[in-house]
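Peer 1: Each chain is listed here by its residues.
2 protein chains.
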Amino acid sequence: MKTVNCKNIKITDGFWKAKQNMVNNVTLKSVYDRFKETHRFDALNCTWKEGDPDMPHVFWDSDIAKWIEGLAYSLNYSENDELEKLADEAIEKIIKNRDENGYYNSHFLVTGERFTIRNEHELYCAGHLMEAAVAYYEATGKKELLDAMCKYADYIEKVFVKEKSAKFVTPGHPEIELALIKLYEITGENRYLELSKFFVDNHGNNSVDQALYPGCNLIYNQDEMPLRERTTADGHCVRALYLFCAMADLSYIYNDKELFEAAERCFMNIVDKRMYITGATGSTCHGESFTIDYDLPNRDAYAETCASIALAFFANRMIKLNPDGKYADAVEKVMYNGSLSGISMDGKGFFYENPLEIDIDSNNVNKCTDGGKRFPITQRKEVFDCSCCPPNVIRFISGIGEYLYSHTEDTLFVNQYINSEAEFEGITVSQITDYPSTEEIKIKLESSSKKYIALRIPSWCKAFEINKAYTLKDGYAYIEAKENDEIILTLSMPVTFISANKKIHDCAGRVAVMRGPVVYCLEGIDNGKDLNSLRIDIKEKGKLSEREFLVPNILLKAYKEPENDSLYFEATEEYIETKIKLIPYFAYENRGETDMLVWVLKK
Amino acid sequence: MKTVNCKNIKITDGFWKAKQNMVNNVTLKSVYDRFKETHRFDALNCTWKEGDPDMPHVFWDSDIAKWIEGLAYSLNYSENDELEKLADEAIEKIIKNRDENGYYNSHFLVTGERFTIRNEHELYCAGHLMEAAVAYYEATGKKELLDAMCKYADYIEKVFVKEKSAKFVTPGHPEIELALIKLYEITGENRYLELSKFFVDNHGNNSVDQALYPGCNLIYNQDEMPLRERTTADGHCVRALYLFCAMADLSYIYNDKELFEAAERCFMNIVDKRMYITGATGSTCHGESFTIDYDLPNRDAYAETCASIALAFFANRMIKLNPDGKYADAVEKVMYNGSLSGISMDGKGFFYENPLEIDIDSNNVNKCTDGGKRFPITQRKEVFDCSCCPPNVIRFISGIGEYLYSHTEDTLFVNQYINSEAEFEGITVSQITDYPSTEEIKIKLESSSKKYIALRIPSWCKAFEINKAYTLKDGYAYIEAKENDEIILTLSMPVTFISANKKIHDCAGRVAVMRGPVVYCLEGIDNGKDLNSLRIDIKEKGKLSEREFLVPNILLKAYKEPENDSLYFEATEEYIETKIKLIPYFAYENRGETDMLVWVLKK
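Which chain is which? The protein sequence lines are L and C, in order.
Under the working numbering, the final residue of the first sequence carries the number 736; numbering is consecutive throughout.
Under the working numbering, the final residue of the second sequence carries the number 736; numbering is consecutive throughout.
Don't read these hints as lab results, they were simulated from the structure.
Computed from a prediction, not measured in an experiment: that's the story for all the values here.
For every residue, glycine included, the Cβ atom is placed at its ideal position computed from N, Cα and C.
Each hint should be verified, as a subset may be incorrect.
Label pairs and their calculated CB-CB ranges [as the list claims (entries may be wrong)]:
1. C:Lys300 x L:Thr244: 53 to 59 angstroms
2. L:Asp698 x C:Glu573: 31 to 37 angstroms
3. C:Asn338 x L:Pro186: 39 to 45 angstroms
4. L:Lys674 x C:Gly661: 44 to 50 angstroms
5. L:Lys575 x C:Asn497: 47 to 53 angstroms
Below, a list of computed lysine-lysine pairs in the DSS-like style, where the Cα atoms sit at most 25 angstroms apart [what the hints assert, rightly or not]:
6. L:Lys295 x L:Lys162
7. L:Lys150 x L:Lys182
8. L:Lys169 x L:Lys275
9. C:Lys693 x L:Lys672
10. C:Lys583 x C:Lys453
11. C:Lys615 x L:Lys662
12. C:Lys390 x C:Lys300
13. L:Lys406 x C:Lys459
14. L:Lys693 x C:Lys672
15. C:Lys143 x C:Lys615
16. C:Lys453 x L:Lys693
17. C:Lys218 x C:Lys169
18. L:Lys506 x C:Lys406
19. L:Lys506 x C:Lys636
20. L:Lys636 x C:Lys506
21. C:Lys143 x C:Lys406
22. L:Lys615 x L:Lys601
23. C:Lys315 x L:Lys636
24. L:Lys662 x C:Lys583
25. L:Lys506 x C:Lys218
26. L:Lys693 x C:Lys218
27. C:Lys636 x L:Lys712
28. L:Lys672 x C:Lys284
Stretches of chain L that chain C covers, calculated by requiring three or more beta carbons in the stretch to come under 8 angstroms of a beta carbon on chain C [to be verified]:
29. 377 to 389
30. 418 to 425
31. 484 to 496
32. 556 to 563
33. 668 to 674
34. 697 to 704
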């Protein structure tokens, strides 16, 4: 199976068009401005010297690269001369300041010895620059950065594979592995693929690479065993997921069953045991890590925006290996929840962490104890010191088309439902839908080179209708593909109350409210203080109300106990009825600092 | 009102006799042995020198002192020649190794400059030695340590008040304030009282004392304002409570209304807003501190054993100032729950922290992230590096008689119900009861110099009977006192389900099970894994079963949801009935490492 490049897909209206417009009109420029202000763009000049302020940080290149990549995806469907010019200028600086080997790193070129410190994101930055180069070339036809990055990749191959002169064998922050595959795909140069395979095969499988930080164990960097032996997703969450992406890609290209099975075990471990209902992963701030099965605390969840996005990257690669709807289900969960929560409704503010509960009182505990307890911040920021998430959200939204379709020789798979037009490999297909606000999706198949069209039936969906005969298999409804046909899929989307596995102790006795793929939450601004005192009766139907945040809000009856000022008192069976309003989780903390709760007590 | 020295009261049978026997037969010797093994007793020789192993720790003297004090209380009712000899030897070393001023500190005599570092527990150790001296003299008539400590107190007065030559004004770890009052009471020397008042008046009220540790704020040590202005209990919990003890004592002796009101505000802040249902306080490990109102997390509760005991000390002093049952209610809460949980049923093992939930899985999170999340330990230890709690439990149990009675000119107050015989100030009174296992308390008043006897009606008690006419006021039933009278009080003690204030977010939707003053808990060893998935129907009556841990266990019907292996799934209204067994909270973790839960979901 193949996936389809986002440049072949035009989002035409609805939810994701609104998000893409926001990114084009606001986010790209805002993130550029913040990166400019924080000297990230200036750093590309490589003029910093000892004693100067604002030493280029070791991961700044990756921020710029992801911004360029995100811009590139947006240029596929929307011109933006001003920003393209700014990207050209940045690229020019990168090209100009490379050394004679093609090496570029705005930190190491002005500070220290290259390829000596494994934990310093050096190859991670290189990888992001390669991804940017590929995307920018595809969008603009401009090949300069791509050529430069090919030369850089050749140099990396020389240092790491031929000379083995680096002080480490595999990257401390994986990323370049998946980037090299993109470089291989666009250039056809096998050595980039092999370099990627070299890194993947050697990860956790050599005696040179040691734990990255003092006091840090091998698990943090997925070094405790060869990747092919993995059975669980462990260590730094984003690093792990980027690695798994490369494992999926390589197993696809090399038809490597062992590598696929390892990736599949990790995927299943995540979605069965280590994933928030929002698609977020990596529950602890300590090492930004996966922890153990079912350890998914809500209030101090880490749940990094980048990790959610990386899970979508990984899942979308797994689609190519196994025609099962579970992968696109995971992508959808991330799309509407754990990734989108990372950006504000105005397109300017970001969350790095995405907890499933905000309790302002808990955060205030720190004010009286000189730190100590750690909770995610409660107000979005426009830029972070470690600002990986903002440009990651940009490239995710700009490139959302990537997730729509995949195809085998005889079947077109529709993985996501987004109002769009697409053309690729003899197929012309469009979707007309207001999903996920409404239930109906019209799919117009103008021309098709395939025998079947397979529509994903989301795992959250308990009832659906299709105006055609279909066969259901592994989460897809297979329909005979006819040219100029209109398929109408209706996914029943009632307000649903979801329980968590009893092993997730922090969700005990609680339900999350979902409608379709969208997870909802309570906010204090709508529902008062002490959100934890509210109880939902799951017999309630729920009423849809205005689309305050692109999809309808939900109104529900709820119940609370009679007021009692005592600290402890005899329990009562009495409940007082009240009304609550739920908003989509992705829109939390957009109206000032307020309490928030996803998992609500069940009456 | 006056309280009654524990030496006048003999515990004769029942719950506390069992605990005192345990302390006499096991704990005193076991703690001695552990302190001996860890070089605490050897340190008294003051022979350590630079380069030697096992430098005497700055707070070791206080460990020894509390052990001597606890032994002294036990000698009031039970001879123990072996341990008395060991105590005599320790005392001899202390006396012998004092300097010419009477100064003694096994750390500073061999290491550094005295009275220069406020945070170093120097006066805290002195205070504990003074308490030990008073108790040992009262129990044995041996006056050597008392005389030595008087000389030491004189020297402290000279340094801190007369010469003002110390580098700080008030102790970094308060304790000596309350000890000096004991010294005043036993010697009648007013200067010890005035020295105590000097420290209390100057605490948070001078420009010399600064924050104790780098990065630490003034709140930690109750230095952010003068003590008389306090409205809340803040900072290091044990330090705060020891200070409040002295405030209560001084307000009593000096009839200082302002100081009483400050102490009362702090007391009410604690019992109304900052106390666990177990009587434990100081919810965070960060600074071992009080935090903010209603911040009472269960799983990562700090809830130090010493803090519970210190709350009893404080509350029992408040009794003298205001004839209100609320103080003895707090004492009782601590007695049967948050303090007693600090010692194992075999008398050898201790908890420093007393969480209200143990989730072994959560503790295991740390194994994969190199530390990070912090939870209390799950297995009792016989000694800690900072081993303040074990000897504190000893002196609390040995001296439990202290809490039974208080009296004004015309009324004898019965504050706690314990099988006992007492004689003091013309009163001969005994209690015959199996409380808190059973409901009836017989009080035999043989002779009485008082007009009334006032029986505390615990705030947990919703129905009681007395075989005499009574008037109820502020938590006490006042009865005419007649010689040779037998009063029978019956405190109805059904299994009760307690809710927490909705502002305690971690108890939302949950109930605690109590019977009388005893808080109960579920343990995994009885009830399986995932205790959080169990729900209690508060309509259930509960059945008492065997006295596995001195008081009856409780059997209850409970409910859980049908098994479902999915991570997330549609909520159901279906419940499966099951049986659960609850044990007294104070007995948790006595049968190996297992999950534990106080606050159980309410159906």
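Peer 1: Now tell me if each hint is right for this structure.
Peer 2: Checked hints:
For the pair C:Lys300 and L:Thr244, the beta carbons lie near 44 angstroms from each other, so the given range of 53 to 59 angstroms is not met. In this structure the hint that L:Asp698 and C:Glu573 lie 31 to 37 angstroms apart at CB holds, the actual value being about 33 angstroms. For C:Asn338 and L:Pro186, the Cβ-Cβ distance of about 44 angstroms falls inside the hinted range of 39 to 45 angstroms, so the restraint holds. Separated by about 35 angstroms at the C-beta atoms, L:Lys674 and C:Gly661 break the suggested range of 44 to 50 angstroms.
Taken as a hint, the range 47 to 53 angstroms holds for the pair L:Lys575 and C:Asn497, whose Cβ atoms sit roughly 50 angstroms apart. For the suggested pair L:Lys295 and L:Lys162, the alpha carbons sit about 42 angstroms apart, so the restraint of at most 25 angstroms is broken. For the hint pairing L:Lys150 with L:Lys182, the CA-to-CA distance comes to about 44 angstroms; that exceeds 25 angstroms, so the pair is violated. Taking the CA atoms of L:Lys169 and L:Lys275, the gap is near 23 angstroms; set against the 25 angstroms cutoff, the hint holds.
Pair hint C:Lys693 plus L:Lys672 holds up; C-alpha atoms about 18 angstroms apart against a cutoff of 25 angstroms. For a cut-off of 25 angstroms, the pair hint linking C:Lys583 to C:Lys453 stands: about 16 angstroms separates their Cα positions. For the hint linking C:Lys615 to L:Lys662, the alpha-carbon distance of about 54 angstroms lies beyond 25 angstroms, and the restraint is violated. Annotation: proposed proximity of C:Lys390 to C:Lys300 is violated, straight-line Cα distance about 31 angstroms (limit 25 angstroms).
A hinted pair counts as satisfied when its Cα atoms are at most 25 angstroms apart, and L:Lys406 with C:Lys459 does not qualify at roughly 48 angstroms. Pair hint L:Lys693 plus C:Lys672 holds up; C-alpha atoms about 18 angstroms apart against a cutoff of 25 angstroms. Our distance criterion of 25 angstroms between C-alpha atoms is met by C:Lys143 and C:Lys615, whose separation comes to about 22 angstroms. Restraint check: the Cα-Cα separation between C:Lys453 and L:Lys693 comes to about 41 angstroms, which exceeds 25 angstroms; the hinted pair is violated.
Under the criterion of a C-alpha separation no larger than 25 angstroms, the hint pairing C:Lys218 with C:Lys169 is consistent with the structure, at around 14 angstroms. Only pairs whose Cα atoms come within 25 angstroms are accepted, and L:Lys506 paired with C:Lys406 is accepted, the gap being roughly 20 angstroms. At roughly 19 angstroms between alpha-carbon atoms, L:Lys506 and C:Lys636 fall within 25 angstroms of each other, so this suggested pair holds. As the CA atoms of L:Lys636 and C:Lys506 are separated by approximately 19 angstroms, the hinted pair is consistent with the 25 angstroms bound.
With a C-alpha separation of about 35 angstroms, the suggested pairing of C:Lys143 with C:Lys406 is violated against the 25 angstroms cut-off. At most 25 angstroms may separate the alpha-carbon atoms for a hinted pair to count; L:Lys615 and L:Lys601 meet this at roughly 11 angstroms. Of the supplied pair hints, the one linking C:Lys315 and L:Lys636 is violated, its CA atoms being roughly 52 angstroms apart against a limit of 25 angstroms. The hinted pair formed by L:Lys662 and C:Lys583 fails the criterion: a straight-line CA distance of about 51 angstroms is larger than 25 angstroms.
Our distance criterion of 25 angstroms between C-alpha atoms is broken by L:Lys506 and C:Lys218, whose separation comes to about 47 angstroms. Taking the CA atoms of L:Lys693 and C:Lys218, the gap is about 62 angstroms. The hint is violated against a cut of 25 angstroms. Restraint check: the Cα-Cα separation between C:Lys636 and L:Lys712 comes to about 19 angstroms, which is no more than 25 angstroms; the hinted pair holds. Only pairs whose Cα atoms come within 25 angstroms are accepted, and L:Lys672 paired with C:Lys284 is rejected, the gap being roughly 75 angstroms.
For the stretch 377 to 389 of chain L, the stated coverage by chain C is violated: 0 residues have a C-beta nearer than 8 angstroms to a C-beta of that chain, whereas at least 3 were required. Here's how the stretch 418 to 425 of chain L fares: 7 of its residues keep a CB closer than 8 angstroms to some CB of chain C, so the rule of at least three is met and the hint holds. Judged by the Cβ-Cβ criterion of 8 angstroms, the stretch 484 to 496 of chain L is covered by chain C as claimed, because 3 of its residues qualify and three suffice. Counting residues of the stretch 556 to 563 of chain L whose beta carbon lies closer than 8 angstroms to any beta carbon of chain C gives 0, which falls short of the minimum of three for the stated coverage.
Residues of the stretch 668 to 674 of chain L lying with their CB closer than 8 angstroms to a CB of chain C number 3, which satisfies the three-residue condition for coverage. Counting residues of the stretch 697 to 704 of chain L whose CB falls under 8 angstroms from any CB of chain C gives 8; the rule of at least 3 is met.
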